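Novice: Sequence:
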Amino acid sequence: SQYLLFPQNDFVFKVLFGSEGSKHLLSSLLGSITGEQKSGITLKNPFLLRNYPDEKEGVLDIRLTTGNGEQVFIEMQAERHRAIHKRMLFYWVRAYGAQLVKGKDYDSLKRTTGICILGHSWFKDIKPVSCFHALEKSRYEPICIDFELMFMQVGNSNSKQGITYNKDLWAWRTFLGAETEEEMIMAAEASEAVHEAYNKLKVISQDPEIRAYSEARELWLIDQTIRENEARREGREEGREEGKEEGKEEAIREMIINMNKSGIPIESIAAIANLSPDEIRKIVK
Numbered sequence: 001s002q003y004l005l006f007p008q009n010d011f012v013f014k015v016l017f018g019s020e021g022s023k024h025l026l027s028s029l030l031g032s033i034t035g036e037q038k039s040g041i042t043l044k045n046p047f048l049l050r051n052y053p054d055e056k057e058g059v060l061d062i063r064l065t066t067g068n069g070e071q072v073f074i075e076m077q078a079e080r081h082r083a084i085h086k087r088m089l090f091y092w093v094r095a096y097g098a099q100l101v102k103g104k105d106y107d108s109l110k111r112t113t114g115i116c117i118l119g120h121s122w123f124k125d126i127k128p129v130s131c132f133h134a135l136e137k138s139r140y141e142p143i144c145i146d147f148e149l150m151f152m153q154v155g156n157s158n159s160k161q162g163i164t165y166n167k168d169l170w171a172w173r174t175f176l177g178a179e180t181e182e183e184m185i186m187a188a189e190a191s192e193a194v195h196e197a198y199n200k201l202k203v204i205s206q207d208p209e210i211r212a213y214s215e216a217r218e219l220w221l222i223d224q225t226i227r228e229n230e231a232r233r234e235g236r237e238e239g240r241e242e243g244k245e246e247g248k249e250e251a252i253r254e255m256i257i258n259m260n261k262s263g264i265p266i267e268s269i270a271a272i273a274n275l276s277p278d279e280i281r282k283i284v285k
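Numbering (the UniProt record's numbering), first residue to last: 1 to 285.
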């Protein structure tokens with residue numbers, strides 16, 4: 001059987017949660033993160049494979065409104081991004097301001113919540129979810145409830161000790177942060193919704209078109225990381241060719257190791273990296 005796709009790939013995440021048939025899974029995920037039941041979900045950018053453009057650099061977020069008009073956008077951010085907090089703030093401003101169309105006044109603006117799912121440690125503490133509001137700094141009084149940014153860290157969440165704080169939240173964090181199928185199964189056994197998401201993931205992992213887009217997205221992100229690393233190295237080394245070549249080789253090595261961790265077959269990695277399977281095995285062993 002083919003290897004299982006992983007939901008930290010933002011394309012796979014969008015396929016799992018961003019389609020009309022997945023709104024109940026999305027509702028469960030949102031409820032576990034926010035602590036509030038989100039009903040009456042309307043997807044503003046539903047995922048349809050036939051409409052997915054041949055474009056790998058787009059931001060694959062999920063945008064929705066709830067039954068009471070609240071806006072929510074969700075982004076999966078597996079790789080470390082040094083300005084993710086500012087990017088999420090920018091997205092929030094754009095989403096909030098987009099509500100004010102001609103003929104409406106400021107009273108029509110609805111609460112807007114941005115959720116970023118992080119595949120790495122960002123905050124110093126180990127809280128599963130960090131929630132931010134705009135508060136008066138001495139009284140901690142919110143100026144209004146409209147502003148909300150939430151960050152959920154999914155790395156290092158597979159300890160069963162987490163079940164004690166919130167079983168559903170623990171299950172979703174473990175599923176989304178899983179590095180092995182065994183971790184996914186453990187999460188699926190703790191939550192009916194996660195179990196359904198796991199079964200759906202197994203189905204979409206067998207779809208050749210979804211697999212192709214997933215791998216293309218993974219490669220684009222890897223290439224982007226290589227370009228950024230090379231640009232930084234060029235700046236530090238002031239264009240020294242030797243340093244550039246060493247940096248490129250190290251970046252390719254990192255790419256191969258990451259692809260192997262993601263479950264991509266050795267033969268596929270060899271074809272992409274233009275190396276022999278034996279050379280790939282030496283790198284990843």
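Hints were generated in silico from the structure; no laboratory data involved. Note that this is a predicted model, so its numbers are computed, not measured. Ideal Cβ positions, reconstructed from N, Cα and C, are used throughout, including at glycine. Worth double-checking, as some hints may not be accurate.
Result set (SDA-like, lysine to any residue): computed pairs, CA atoms no more than 20 Å apart in a straight line [to be verified]:
#1 Lys200 - Phe47
#2 Lys127 - Phe90
#3 Lys23 - Tyr3
#4 Lys282 - Ala270
Each pair of labels, with its calculated beta carbon distance range [said to hold, decoys possible]:
#5 Glu136 - Asn68: 57 to 63 Å
#6 Ser121 - Trp220: 34 to 40 Å
#7 Cys131 - Asn68: 32 to 38 Å
#8 His133 - Asn166: 32 to 38 Å
#9 Ser138 - Pro208: 22 to 28 Å
#10 Trp220 - Ser138: 44 to 50 Å
#11 Glu254 - His133: 47 to 53 Å
Novice: Which of the numbered hints above does this structure break?
Specialist: Violated hints (numbers, rising): 2, 3, 5, 6, 7, 8, 9 and 11; every other hint is consistent with the structure.
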